[in-house]
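K.L.:
Starting from the known structure of chain A, arrange chain B on it as the hints suggest.
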Amino acid sequence: MSDPTVTHGNFTIVRHYKASPAKAFDAFRDPAKKRRWFAESTGFHVDSFDMDFRVGGTERACFRFVADKPIEEGTPCINDTVYMDIVEDARIVNAYTMTVGEARISSSLATVEFLPDGTGSKLIFTEQAAFFAGGDGIEMRRQGWEDLIERLARFLEGTL
Amino acid sequence: MTGAGMEPAKVDRIFQALGDPTRRAILDALSRQPSSVSDLARPLDMSLAAVVQHIQALEESGLVRTEKQGRVRTCHLMPETFATAERWLSERRTLWERRLDRLGALLDEEENG
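So the protein sequences, as listed, match chains A and B.
Under the working numbering, the first sequence is numbered contiguously, ending at residue 160.
Under the working numbering, the second sequence is numbered contiguously, ending at residue 113.
Isolated chain A (complex conformation):
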């Protein structure tokens, strides 16, 4: 907890969907849809999910870890978001902070771009993150060096 180190990192994920950009965008705008794909995940129990989809609006998702995580079962996790920029059917930019237990573990800028791709859509997700050292309580999982290098190589090739 006393380590003040901040680590910055960026990554981009590109996905192709059969649905149009407008339909993909709607899954980010509609609270019931967004809750389903964003918040409801195995390994987490969703306590609440509220969103106000407009520039300057906020979103808060509260979870608890339930099983098979490096974090103790029942630990609360909060995802707090502020919408920075919204362009209908084309772009959403938000800033979000993740809190695990009492500690903020990261603050990020997340950009989602929706592009037409044939009859479907191409979604580009880019995260620019500041990770706060010592705040996560996750035990570092030491692995063999070869395994680490392999995973890094796959990460770089976009297959991890």
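For the record, the hints were derived by calculation from the structure and aren't laboratory data.
The beta-carbon is built from N, C-alpha and C at its ideal position, and this holds for glycine as well.
Where hints are given, some of them may not hold.
[Stated by the list, open to error] Residues on chain A that point at chain B, a partial pick, calculated with CB under 8 Å: (1) Lys18; (2) Ala24; (3) Phe125.
P.N.:
Chain B in isolation, oriented as in the chain A frame:
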């Protein structure tokens, strides 16, 4: 988290250093044991000068440390650098990969239903 002193551009340099197959081969060799520059160069099909340049890039990224003992320069892996970038980024990326998989499933359901 280890106190590796990660300044802002550091993670970029790590991933840049890893984005080259020769440098990954050097890391792979160093994962088995620390080695001299000439031992690292032997299996690689390139000049010693080119290998030295790759090792310099790895050293600047913090992934590798070199030490000169007499006339031999020995290279070691630096575990802290690996752990920092790999852990944070791969966990966050995995979280979003899963979310975007679920988004795809939801969109497919809407298309078909």
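K.L.:
Each of the hints needs a verdict: does it hold here or not?
P.N.:
Here's how the hints hold up against the structure:
Taking 8 Å as the C-beta cut-off, the interface hint given for A/Lys18 holds, the closest approach to chain B being about 6 Å. For the restraint placing A/Ala24 at the interface with chain B, the shortest Cβ-Cβ distance is roughly 6 Å, inside the 8 Å limit, so the hint holds. Checking A/Phe125 against chain B: minimum C-beta separation of about 6 Å stays under 8 Å; hint holds.
Checked against the numbered hints given earlier, this structure breaks none of them.
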